[in-house]
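Residue numbers (my numbering), protein chains in the order written: chain A, 1134 to 1189; chain B, 1013 to 1510.
Because the hints were derived from the structure by calculation, they are not lab data. The beta-carbon is built from N, C-alpha and C at its ideal position, and this holds for glycine as well. Hints should not be assumed to be uniformly reliable.
Claimed, not checked - Label pairs and their in silico Cβ distance ranges: (1) A/ASP1161 to B/ARG1090: 25 to 31 Å; (2) B/PRO1052 to A/ASP1161: 43 to 49 Å; (3) A/ASP1161 to B/THR1058: 38 to 44 Å; (4) B/GLU1021 to A/GLN1156: 16 to 22 Å; (5) B/PRO1503 to A/GLY1141: 46 to 52 Å.
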Amino acid sequence: MSVENLLGRPLRVINLGLEVFAQELEADGVTVLHVDWQPPAGEAGGADLLALLDDE
Amino acid sequence: MVLMRIAGELRGRPGVREAAALMGTAANHELLASAGLSAPPVRDATAGDLMLVVDAESEAAADAAIEAAHGLLDTRRRLREESGRMLPRTLESAVRRLPDANLATISVPGAYAKLEAMTALRRGLHVFLFSDNVPLADEIALKRVATEKGLLCMGPDCGTGYLNGVGLGFANVVPRGRIGCVSASGTGLQAVASRLASLGEGISHGIGVGGRDLSAEVGGVMTALALQTLGADRSTELIVVISKPPAPAALARLEAAIGVTGKPVVVCCLGASAPAGGAGRWVASLEDAAEAATAEVRGTPWVRRAFSDAEDVRKWLSRIESGPRRGGTLLGLFVGGTLAHEARLVLDAWLGQAGPVAAAGGRHRILDLGADEYTVGRPHPMLDPIQRDARVREAGREPGVGVLLLDLVLGRGTHPDPARSLAAAVAEARAAATGAGRELTVVASVIGTAGDPQGLRGQIVTLEAAGVHVLPGSAQAARFAALALEPTLAPRLLEGRG
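Chain A with its partners taken away, still in its complex shape (with noise of 0.2 Å):
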């Protein structure tokens, strides 16, 4: 079962959105690359704004 590549072995993630949860995992030691991760184009007004607000 694919769960055994998880239980009991090293975690290595990959964080999409809020960076936060990136840097809580590295301070723990893990193994973690965030995307920097952006809404598809035209989908919101202020959406760089937001984006910048949001990230963490």
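Since the structure of chain A is provided, determine the placement of chain B on it from the hints.
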């Protein structure tokens, strides 16, 4: 988070009494008005605008604070542009850079969550899906693919998890141990994990499944997979299941899954009673779940108690009874949805005859301020306490309110010092009540551990200094609140039959 930090830094500047940095949503306009911070220049701001409001002792101090806020935003923009060049921009490119990744943690807005989570699952990654506002149909589709691939899809709306001793989302700092959890509730898992830590037990893994997993539509598929996983996990000796009452079809799957784990299972489905002859040991509260689990793994008897420290309760009660002008109704202001639900169940049971305990409109009221209707366009109250604090202040001016019932949730990812501003709001509310010739009794539970960044003891001391009665769990706090309103319940409640 960025906005809260900006507001926090502005509040610490000389001459600044209060500061807010909020997007111009309708909800935030209301929030500013309730905090007395609404001002003409921001009244026309819309959801795409950032509102910076400062209440200062002088014009110069206010100008300097606003300028500082602009500086903080500029720095943030520059840092983001610099770091953005080195980071992958899509999940696909991240997988190419980290090909042996085994978990995706996803907290993008709900409308985009399915796309990203599905990509992760198809790439063979387990998913921790923190995002809320994910449509039910998306959840069903994601969990179908996850089950086919034997992958965990934790969530959507999964607030907390523990894998291999590592906390995910809003997680309390707890020791690694021998008790595994399967939880449909983030704060429920936090409450059980924290209580286990205080009893000297640790968590092997805490698998979140999302609040709807045991609904008829989702059918408990992830709860079943999580139970199977923990059943096979050698570090897990006992499993705790935390949920609201399961739908009948999901209950059948839950019971079947419990049966095949081959391990003792404690079931806490808040509001549900044990099915006749059912599998697992069913308990009625989060505290009971932690205590029953601890007793079971240690092979010791467990006796259910209404209060951890009945002596303290008796002392507090005699002080309240001898005090002036008791009475009134109860107002619960919660940041944890499951903690609010648990309190409502306790109060329904003990104060049912006094009138229904309802979300709104009843004689006694319990509000879950983390629910979607209160968080549209604003941060969750576990991240930013300003909204709850404002409501606490208002409660001091409400003539009918005699008891205020609160929760405080600590842990990584949440506000760094929520007790400080809550204690200030409570002190103000109690002073307002006293000034109006009333007594306002304030009761709170604090969910946290000594290892949490906020420090459990310090947060409790801060609240107690403001006159708050602090109890170790939501059910106990609700029982004490019931006693404060109806002291005649004391003989029955203190005998431990709560």
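Self-check item: Hint check against the structure, violated hint numbers in rising order
Solution: Checked against the structure, no hint fails, so every one of them is satisfied.
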